[in-house]
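Protein chains: 2
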Amino acid sequence: MNYFEIIGFLAAILTTVSFFPQVIKIYRTRETKSISLTMYIVLTFGILLWLIYGLHLESMPMILANALTLFFLFYILLMKIKYK
Amino acid sequence: MNYFEIIGFLAAILTTVSFFPQVIKIYRTRETKSISLTMYIVLTFGILLWLIYGLHLESMPMILANALTLFFLFYILLMKIKYK
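Chains as they are written, first to last, in my numbering: chain A, 1 to 84; chain B, 1 to 84.
Hints listed in this document are in silico derivations from the structure and should not be mistaken for laboratory results.
Because identical chains cannot be distinguished in the list, a pair is counted as satisfied if it fits within a single copy or across any two copies.
Straight-line distance between alpha carbons at most 20 Å, and here's what the computed SDA-like set of lysine to any residue pairs gives:
#1 Lys80 <-> Glu31
#2 Lys80 <-> Leu48
#3 Lys25 <-> Lys84
#4 Lys84 <-> Phe72
#5 Lys25 <-> Leu68
#6 Lys82 <-> Tyr27
#7 Lys80 <-> Leu70
No experiment lies behind these values; they were computed from the predicted model shown.
Excised from the complex, chain A in its bound form (with noise of 0.2 Å):
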């Protein structure tokens, strides 16, 4: 693995994980008000599709990181719904 594919790793589990501390924050206070609705149904599509690409490509790091974040994303957007 070169430099650069270490990068690539990097961006992948950096952008995954980082949903995390939302669904953290979400699930602490219950409070999801600043939120927007729109920016999470149109990201979940997204990384979806990203998951698709992913699956063709038969990319495991694809994959992994997309089916994890999509994980992330339905808890943030179920409670959006709930708590407005």
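Given chain A's structure and the hints, the job is docking chain B onto it.
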């Protein structure tokens, strides 16, 4: 461009533009309370690394999508720091 390449492009467009409704919402409400600062710090670093990786691959879609996303994320991050 085949069927799966269109899915990839659509994925890039959706994940990029998804942040725009959040930018608009913050601009209108001047409110960021339920947004996670940690999420946007980690996500910004992640997208910065995707941009570096895209520059290395000389992938114009990756460069454009990540540069625009970074622009939206900087705004959200700055407003989160400003309004708490």
